[in-house]
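Chain by chain, the residues run as shown.
4 protein chains.
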Amino acid sequence: MGDPFNKIAILGRREDPRVAGPVDLLVTHLTKAGVEVVDDTEIEGVDLVIAIGGDGTMLYAGSRVRDYDIPLLGINRGRLGFLADVTPAEMLSSVDHILAGEYTVEARLLLDGRLDRAAGENISGTAFNDIVLQRHDTGRMVDFEASVAGQFVNTHSGDGIIVATPTGSTAYALSCGGPIVEPKLDAVVIVPICPHTLTDRPLVIDANQAITIRLLERDESGASVSIDGHSIGAIAPGDTLTVTASEKRIRLIHPPGYDFYGILRSKLLWGRDSRMRTFGPAD
Amino acid sequence: MGDPFNKIAILGRREDPRVAGPVDLLVTHLTKAGVEVVDDTEIEGVDLVIAIGGDGTMLYAGSRVRDYDIPLLGINRGRLGFLADVTPAEMLSSVDHILAGEYTVEARLLLDGRLDRAAGENISGTAFNDIVLQRHDTGRMVDFEASVAGQFVNTHSGDGIIVATPTGSTAYALSCGGPIVEPKLDAVVIVPICPHTLTDRPLVIDANQAITIRLLERDESGASVSIDGHSIGAIAPGDTLTVTASEKRIRLIHPPGYDFYGILRSKLLWGRDSRMRTFGPAD
Amino acid sequence: MGDPFNKIAILGRREDPRVAGPVDLLVTHLTKAGVEVVDDTEIEGVDLVIAIGGDGTMLYAGSRVRDYDIPLLGINRGRLGFLADVTPAEMLSSVDHILAGEYTVEARLLLDGRLDRAAGENISGTAFNDIVLQRHDTGRMVDFEASVAGQFVNTHSGDGIIVATPTGSTAYALSCGGPIVEPKLDAVVIVPICPHTLTDRPLVIDANQAITIRLLERDESGASVSIDGHSIGAIAPGDTLTVTASEKRIRLIHPPGYDFYGILRSKLLWGRDSRMRTFGPAD
Amino acid sequence: MGDPFNKIAILGRREDPRVAGPVDLLVTHLTKAGVEVVDDTEIEGVDLVIAIGGDGTMLYAGSRVRDYDIPLLGINRGRLGFLADVTPAEMLSSVDHILAGEYTVEARLLLDGRLDRAAGENISGTAFNDIVLQRHDTGRMVDFEASVAGQFVNTHSGDGIIVATPTGSTAYALSCGGPIVEPKLDAVVIVPICPHTLTDRPLVIDANQAITIRLLERDESGASVSIDGHSIGAIAPGDTLTVTASEKRIRLIHPPGYDFYGILRSKLLWGRDSRMRTFGPAD
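Chains as they are written, first to last, in our numbering: chain A, 20 to 302; chain B, 20 to 302; chain C, 20 to 302; chain D, 20 to 302.
Isolated chain A, as found in the complex (with noise of 0.2 Å):
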């Protein structure tokens, strides 16, 4: 199942001890290993990349292996993630089973987000969560129209607008109201922030288009576009924000056994509830 990982870079904030204890555990199994450790700012060339924390170092990760096609493994630093989905006790045999080549993978899909401004400019990011436009001034709804594969699908009123992968549907899309997407589907969730229409619901796409979305003339109204969290600057009315399946995916590395649903059930409480569930007179 693939080359053999001979050449391992290991990510993670060492500040946190959390993650010091566990990378030194790391480190020291892979020497022994045979595997070459090196630090994350050498990835280039290396085989697999490990990165130790939350979904947030995950997040950092996937912007730091994407250009290299270099695999992903995630070891979480205490509780589940949705993408560092080996806990800390699992760590050692999770690796071994891997360094044996018994692993699966899994391509994540990438969204390409470019805005091109009216001036002529254009910045562009990749996204592993979502790309959001979202009003920045207090009281003022944003009105923008919104476009797939050349087609007009609706003006949007309100907070502004989700574009998110399957991994982002279960990040703040899911806030916003949208379903959880599973990984594997090649789709896209578009979540309209807190809509003055009612009945603007949220919009399940195949992966192989253009999403196009403009800001229409108002006064007063100002927003601006983020990828995964960070803005990429400010959007004004004559602006284009386009949004594209990226050609380059992640490619997570899971041990034996990963589950999905069991991550999910874990994250979302569920089967936890405990509100009155007998209407009746006894329970």
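One should not assume that every hint holds.
In the DSS-like style, the derived pairs of lysine-lysine whose C-alpha atoms are separated by at most 30 Å in a straight line are [stated by the list, open to error]:
#1 D:Lys26 / D:Lys267
#2 A:Lys51 / A:Lys26
#3 A:Lys267 / C:Lys203
#4 C:Lys203 / C:Lys286
#5 B:Lys286 / B:Lys203
#6 C:Lys286 / C:Lys267
#7 A:Lys203 / A:Lys286
#8 B:Lys267 / D:Lys203
#9 C:Lys267 / C:Lys51
#10 D:Lys267 / D:Lys286
#11 B:Lys26 / B:Lys51
#12 B:Lys267 / B:Lys51
#13 B:Lys203 / D:Lys203
#14 B:Lys203 / D:Lys267
#15 A:Lys286 / A:Lys267
#16 C:Lys26 / C:Lys51
#17 A:Lys267 / A:Lys51
#18 A:Lys203 / C:Lys26
#19 D:Lys286 / C:Lys286
#20 C:Lys267 / A:Lys203
#21 B:Lys267 / B:Lys26
#22 C:Lys267 / C:Lys26
#23 D:Lys286 / D:Lys203
#24 B:Lys286 / A:Lys286
It should be emphasised that the hints constitute simulated quantities derived from the structure, not laboratory data.
Using the hints, position chains B, C and D against chain A.
Just chains B, C and D now, with coordinates in the frame of chain A:
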């Protein structure tokens, strides 16, 4: 703070060992304290009913005490309940406080429902949680219209409608998108169930007005009415369901330290969601 | 673009005058154009079925054509339908385009549902919109568990669950909080109906996997299964409902200019909400 | 029914021709009827303010009349408004009714907001619709905690929180999932904006209690407070936002036949959704 509790009835499903234990403990404790303890079969004339169980038991206990205006104290059987808000561990000390006159009384709103059949008969009942009109065969929406204080509100299509007390706002109504209503607010929530019209939203009104609901003529659809989860019968076009605030209330007794929001936090697992919370590169 | 449409069946409820008029017009027009027109009772062997009516008629027409892989064109009876997307006014010119080979074909996903009873028998059917498991008596939640491709997803409690095609995503599933899914996406939406657990959210998955749903043992609850709104029978603990993508598809014929988003805008009244839209001092 | 309206101020943006026409008509009509008509710059001492415009104009008018307890009548400029509930066509006859003493008065709840900065200064204002705390840079959630009547409610993470009057319940709060609250109910709605915790739901409370909101310490997040859509400034950890029911009310004047639910039906397009409504084979 009110008359002393000299005679107390205890109510609970003793076949459940999680109930039988606390019941025995409580009987012994109360008897020692000089209280006359009776079975829940002879509720009339007691000064207090103590119910041990879950919120379902509390619904039943409520239906027992409301005609005699007897105060009600709820001891839960394990997990904290919305209504049974004393834990087994706190039971004896809470009861001591209450016997010593240290408690608060909360008068919970009840709803009277009356189904007037076109043929002339009527069926009525009183709800602690909610009165629900719901389609009872699959596949077909029901159409019905609602009025408040004689004013037409809306024609609804869908799976049905819930009229809930503040107490019921955290039960079925919450699952259908209704808001949480503070118990002390004299308000009623009207929540459409899976409405066809997406802008058909929960409505909160002053409790002191009659709500009337009538089924519209339509082939093949069937609906029934239930009160606190118990069907009182089918409703047909021409019948009228009328819901009004009851003259009766349930007087809940709380030991010192009762905290409605603390119970909400516990039941809704607030603060325990563990989805990705940083959108940024590190966490 | 495919073989010519020499023999066409027309389907519609002629007792409805809004249907009878267009049917007559169409029969005359097609006959003049040299097309053999037959009744919908003899559908086998025709090159095209034209259904005149609302989306309900289209569901029925779909159930008729799917076994013979006959393309289907929908003429609506007044208001634009999701499936009957040609207006009476455009009918004749749209038909002329289609006879001249100017049309697009859209293969809509269908779902096969099979209910395996513990006793050994099974009942099956095919859905254009959705397969729904729903409690059928009032007052009690049903508990059931769902698996996807053999992996356990979740134990759900509530009113039931919907498994919908993209076509069905704008029907009942939308009323239960599901997203809109683009028809061309090979995906299935799983939507819990009024779930007890508030974090139990709609899930969108790749269509090429079996979904299995099993009722859990619980007193007094009853549930049944329906396909496109027709009950196929009760489901009991021990029974299994299995849903898979059908090998059959409905081939919808669209005249030039078909616009899925235009239909959405029209049906969901996008752009026509008229609530207060400035939050500020002047508008 | 109250003192006669001998002196009336007219308020509206006369640069809008849809306003200028009705204003002229109204001035002529009132003058003929012997009423002294003044400009809205000299509001003190008038018996009634008539505002012509949309709901935004009504918000502004409300901020003008509330300090003098002057009744307010709203004439809309075209489409029916929640607050400007008289159409131009009915304007003159409605005014005649009102001059003849045929009208109802509705005292709408207002909210006072006060932002106490850690440094000692404070900023305050009064809301007709809502007081909103919202993050003002993209990408980062804000964390804050809310208390009601001194009792801790919850720690919220997300885009912010809305405290709305019944009037405001159909504005921004409705877009964020809040319920519709009947104007005469003395209640306040607290609605989390895109909350991280999916069980963090809208809460309806008795209006006569102070709500306090405090930002938690967290890197990089920024938030601001707005009242009826106007920012009153940034809020930082250590600052406290306090919201209480105002002692002032807006006294809205309605001509005979005022129908809150009729306005809701019109604004929310109830009864005009046109999605597939039969799930069955024919419609």
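Quickly compare the C-alpha distance for Lys286 (chain D) and Lys286 (chain C) to 30 Å and report which way the hint goes. holds, 17 Å
Take a quick look at whether Lys286 (chain B) and Lys286 (chain A) sit within 30 Å of each other, Cα to Cα. Between Lys286 (chain B) and Lys286 (chain A) the Cα gap is close to 17 Å, so the pair holds against 30 Å.
Is the hinted pair Lys286 (chain D) and Lys203 (chain D) satisfied, with a Cα-Cα distance of at most 30 Å? Distance ~19 Å between Lys286 (chain D) and Lys203 (chain D) Cα, so the pair holds.
Does Lys267 (chain D) sit within 30 Å of Lys26 (chain D), going by the straight-line distance between their CA atoms? holds, 22 Å
CA of Lys267 (chain B) to CA of Lys203 (chain D), is that 30 Å or under? holds, 23 Å
Taking 30 Å as the top limit, are the C-alpha atoms of Lys26 (chain C) and Lys51 (chain C) close enough? It holds: about 13 Å lies between the C-alpha atoms, which stays within 30 Å.
Mind checking the alpha carbons of Lys286 (chain C) and Lys267 (chain C) for me, to see if they're no more than 30 Å apart? holds, 27 Å
Does Lys203 (chain C) pair with Lys286 (chain C) here, judged by a C-alpha cut-off of 30 Å? Distance of about 19 Å is within 30 Å: holds.
Lys267 (chain A) and Lys51 (chain A): Cα distance at most 30 Å? violated, 33 Å
For the pair we were handed, Lys203 (chain B) and Lys267 (chain D), check the Cα-Cα distance against 30 Å. The given pair, whose Cα atoms are some 23 Å apart, holds under the 30 Å limit.
Hey, Lys203 (chain A) versus Lys26 (chain C), does the alpha-carbon distance stay inside 30 Å? violated, 43 Å
Would you check the hint for Lys267 (chain D) and Lys286 (chain D), treating anything up to 30 Å between C-alpha atoms as holding? It holds: about 27 Å lies between the C-alpha atoms, which stays within 30 Å.
Consistency note: the structure conflicts with the earlier hints numbered 9, 12, 17 and 18.
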